[in-house]
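J.: Below are the chains, spelled out letter by letter.
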Amino acid sequence: AQKVTQAQTEISVVEKEDVTLDCVYETRDTTYYLFWYKQPPSGELVFLIRRNSFDEQNEISGRYSWNFQKSTSSFNFTITASQVVDSAVYFCALSEETSGSRLTFGEGTQLTVNP
Amino acid sequence: DGGITQSPKYLFRKEGQNVTLSCEQNLNHDAMYWYRQDPGQGLRLIYYSQIVNDFQKGDIAEGYSVSREKKESFPLTVTSAQKNPTAFYLCASSVTQGWANQPQHFGDGTRLSIL
Numbered sequence: 001a002q003k004v005t006q007a008q009t010e011i012s013v014v015e016k017e018d019v020t021l022d023c024v025y026e027t028r029d030t031t032y033y034l035f036w037y038k039q040p041p042s043g044e045l046v047f048l049i050r051r052n053s054f055d056e057q058n059e060i061s062g063r064y065s066w067n068f069q070k071s072t073s074s075f076n077f078t079i080t081a082s083q084v085v086d087s088a089v090y091f092c093a094l095s096e097e098t099s100g101s102r103l104t105f106g107e108g109t110q111l112t113v114n115p
Numbered sequence: 001d002g003g004i005t006q007s008p009k010y011l012f013r014k015e016g017q018n019v020t021l022s023c024e025q026n027l028n029h030d031a032m033y034w035y036r037q038d039p040g041q042g043l044r045l046i047y048y049s050q051i052v053n054d055f056q057k058g059d060i061a062e063g064y065s066v067s068r069e070k071k072e073s074f075p076l077t078v079t080s081a082q083k084n085p086t087a088f089y090l091c092a093s094s095v096t097q098g099w100a101n102q103p104q105h106f107g108d109g110t111r112l113s114i115l
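Chains A and B supply the protein sequences, listed in that same order.
Read left to right, the first sequence gives residues 1 to 115 (the numbering used here).
Read left to right, the second sequence gives residues 1 to 115 (the numbering used here).
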């Protein structure tokens, strides 16, 4: 069965620090997709990125970067020069080709960026 | 703007009462989902619908019911059989359930509490 583990329950940093959020997944499918979502205090989940199992290229978008490593079943998320507005709960999620767009979520990491 | 609208934002239920949470989308998406989020936990799937007049149970369907009479609407009823309904409920949609690479888009959520 599929599973997503976010071992870091809470992380607290000071503004301008870099921070990495860890995500480890389990799946038996050879074709799968990994997602990161941000949940600000307002509650809505905001889609950040999708990665498919055949593309291990790292991706950078502004201050955000993602490192996908199949060898360790990890899909980590780094925020460079963190800002107070980055404070939120971040969720990693997995979908499998055999299950369509059903998502399995990790338990989330609460990130607090202090001024 | 296209999006998902959930109402109400806050809802209170008396013991033995059924309550219905509304979810409407204007994204022209075929698939819709209901999740439950408890403090410090990830999202758990309650029900999902791939198409009008069709829906399937998720991982925690007991005590809940849904309908999908229109493509735009997917209301969730929390019945009196749900013994611990206090939670944050999120509705989501995706282009189609069959495509694992499609991200889900979320509403702002409804917070349900017991009086």
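Quick caveat, the hints were computed from the structure, so don't treat them as lab data.
Glycine included, each C-beta is placed from N, C-alpha and C at the ideal position.
It cannot be assumed that every hint is accurate.
When the alpha-carbon atoms are kept at most 35 Å apart in a straight line, the in silico DSBU-like pairs for lysine-lysine are as follows [unchecked claim]: (1) B:Lys14 with A:Lys70; (2) A:Lys70 with B:Lys57; (3) B:Lys70 with A:Lys16; (4) A:Lys3 with B:Lys9; (5) B:Lys57 with A:Lys16; (6) A:Lys70 with B:Lys70; (7) A:Lys38 with A:Lys3; (8) B:Lys9 with B:Lys57.
Quick partial rundown of chain A residues pointing at chain B, CB under 8 Å, derived from the structure [stated by the list, open to error]: (9) Phe35; (10) Pro40; (11) Pro41; (12) Gly43; (13) Glu44; (14) Leu45; (15) Phe54; (16) Asp55; (17) Glu56; (18) Ser87; (19) Arg102; (20) Phe105.
J.: Each of the hints needs a verdict: does it hold here or not?
T.: These are the hints, each one checked on the structure:
1. B:Lys14 with A:Lys70: violated (49 Å)
2. A:Lys70 with B:Lys57: holds (31 Å)
3. B:Lys70 with A:Lys16: violated (47 Å)
4. A:Lys3 with B:Lys9: Holds, at roughly 30 Å.
5. B:Lys57 with A:Lys16: violated (44 Å)
6. A:Lys70 with B:Lys70: Roughly 41 Å separates the two Cα atoms, so the pair is violated.
7. A:Lys38 with A:Lys3: holds (19 Å)
8. B:Lys9 with B:Lys57: Holds. B:Lys9 to B:Lys57 sits at ~24 Å (cutoff 35 Å).
9. Phe35: A:Phe35 check passes; min Cβ-Cβ to chain B is 6 Å, inside 8 Å.
10. Pro40: violated (10 Å)
11. Pro41: violated (11 Å)
12. Gly43: holds (4 Å)
13. Glu44: holds (5 Å)
14. Leu45: Holds: closest Cβ of chain B sits about 4 Å from A:Leu45, inside 8 Å.
15. Phe54: violated (11 Å)
16. Asp55: This hint is violated: A:Asp55 lies away from chain B, its Cβ roughly 11 Å from the closest one there, beyond 8 Å.
17. Glu56: At 16 Å from the nearest chain B Cβ, A:Glu56 fails the 8 Å test, so the hint is violated.
18. Ser87: violated (16 Å)
19. Arg102: Holds, about 7 Å.
20. Phe105: With a minimum Cβ separation of about 4 Å from chain B (threshold 8 Å), the hint on A:Phe105 holds.
In the structure shown, a violation is registered for the earlier hints numbered 1, 3, 5, 6, 10, 11, 15, 16, 17 and 18, in ascending order.
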